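**Student:** Just so we're aligned: the sequence shown equals residues 248 to 630 in my numbering.
A couple of the hints might just be wrong.
To be verified - DSSO-like, lysine-lysine: derived pairs with alpha carbons at most 30 Å apart: (1) Lys609 x Lys469; (2) Lys414 x Lys500; (3) Lys275 x Lys609; (4) Lys380 x Lys393; (5) Lys414 x Lys331; (6) Lys361 x Lys393.
As the list claims (entries may be wrong) - Ranges of calculated distance between the beta carbons of each label pair, as one might list FRET restraints: (7) Arg564 x Lys599: 14 to 22 Å; (8) Leu271 x Thr313: 31 to 39 Å; (9) His352 x Val495: 43 to 51 Å; (10) Glu474 x His352: 47 to 55 Å; (11) Lys331 x Ala510: 49 to 57 Å; (12) Gln623 x Lys331: 53 to 61 Å; (13) Asp379 x Pro262: 21 to 29 Å; (14) Asp563 x Pro262: 33 to 41 Å.
If you are wondering where the hints come from, they were derived from the structure by calculation, not from laboratory data.
As the structure is a computational prediction, the values presented were derived from the model and not from experiment.
Glycine included, C-beta positions come from ideal geometry on N, C-alpha and C.
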Amino acid sequence: MNSHFFITCAPGLEPILHEECNRLRLGKVERQVGGVAFQGRIEDAWRANLELRTAVRVLMRVVRFTARDADALHRGASSVDWSKYMSAAGTLVVDGHAKDSEIDHSLFVAQRVKDAICDQFRANDGRRPSVDKEDPDLRIVAHLTKNRCSLLIDTSGVSLHKRGWRKFQGRAPLSETLAAAMVLRSGWNGRAPLIDPFCGSGTILIEAALIAGGVAPGSFRKSFAFERLPGFRKDAWERMREEARARVKFPSKLTLIGLDQSAETLEGARENLASAGAADLVTLEQKDALRFPAKSGWNAWIVTNPPYGERVGEVDRLWPLYRQLGEKLRDQCTGYHIALLSGNTKLARSLKLDGLETVALKNGAIDCELLVGELQASAAEKS
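Go ahead and model the full structure; you've got the sequences and the hints to work with.
**Tutor:** Structural data, given as structure tokens:
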């Protein structure tokens, strides 16, 4: 039996996630604000959790109804047989979201839906589930928009950006999903050299290595929320994981290079690389970022997230860095492809790189721009 699912992602990543879902051949894929909807079986949700690189959560819709007041909200939530998804001895949590509706308080939405579920169990079993905000057996998302409420079950659990390989955080780590999105959006073919001159904890390089080898990003995780749902078939899930492992194949020649000035940061990056099984695939060098290799005709990709004055340093001291970086890219990197993320528009413009596409993204709460494209000869020759 098919169900309706919604896969969430960070703002701006919807087109990339949509392409991923199509490659995964999910059914009736539709790009929406905040993510991608699809229809399929619960096993398709397993695959989505395992394989998608830019997804945050995979949600399964169980009911949708009109709710203009508290009673309608309670009735709608009560229309679901919740014993199909958990027992009275289990734990749950409800995340509420209200927008453009008669009920405009998200916490009230969550409370009312939780009460309806607990009332149903109490009436049928004489006891009610407990609330566990940290590690519930069932996480329910209640979305109320324009008086239409959707109740969805979170099949992911911990956010999918938490792959399971990270041992070292670094000072301002890029999320794994955003790093993967940068690599995918750059158009990298998985074989050309890829360089991150500001590699930090190694997130971009690791995600690039996983993409090149076809490693499922969810293969490092210990568990997903769908494993707690009634009817979960562990043998079928293990077969799916094994099939994903069997498809892994790295290119015979893979050049991934990362630079950072901090020995401590590079040591942390090596921990992450080892944890992700990519230690032998990436070369790390303790160097100034501007000393990255620039070779005529090399056709390399530069995918990077240089500092932009948020959390890491002050903007004033970054102007010389961006000016020199722009000069090197223009003068020495004709034919290279670039995907550069910046949270400061003025700094990004100071690179003076012509002909690049600008993609609006978010790095956590920070509005960012991803500059994407090929460094043309006209840009390299510009004085």
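**Student:** Are the hints correct? Go through all of them and say.
**Tutor:** Status of each hint after checking the structure:
no.: 1; hint: Lys609 x Lys469; result: holds, 28 Å
no.: 2; hint: Lys414 x Lys500; result: holds, 27 Å
no.: 3; hint: Lys275 x Lys609; result: holds, 27 Å
no.: 4; hint: Lys380 x Lys393; result: holds, 27 Å
no.: 5; hint: Lys414 x Lys331; result: violated, 37 Å
no.: 6; hint: Lys361 x Lys393; result: holds, 21 Å
no.: 7; hint: Arg564 x Lys599: 14 to 22 Å; result: holds, 19 Å
no.: 8; hint: Leu271 x Thr313: 31 to 39 Å; result: holds, 33 Å
no.: 9; hint: His352 x Val495: 43 to 51 Å; result: holds, 47 Å
no.: 10; hint: Glu474 x His352: 47 to 55 Å; result: violated, 33 Å
no.: 11; hint: Lys331 x Ala510: 49 to 57 Å; result: holds, 54 Å
no.: 12; hint: Gln623 x Lys331: 53 to 61 Å; result: holds, 57 Å
no.: 13; hint: Asp379 x Pro262: 21 to 29 Å; result: violated, 36 Å
no.: 14; hint: Asp563 x Pro262: 33 to 41 Å; result: holds, 35 Å
The structure does not agree with the numbered hints 5, 10, 13 stated previously, though it agrees with the rest.
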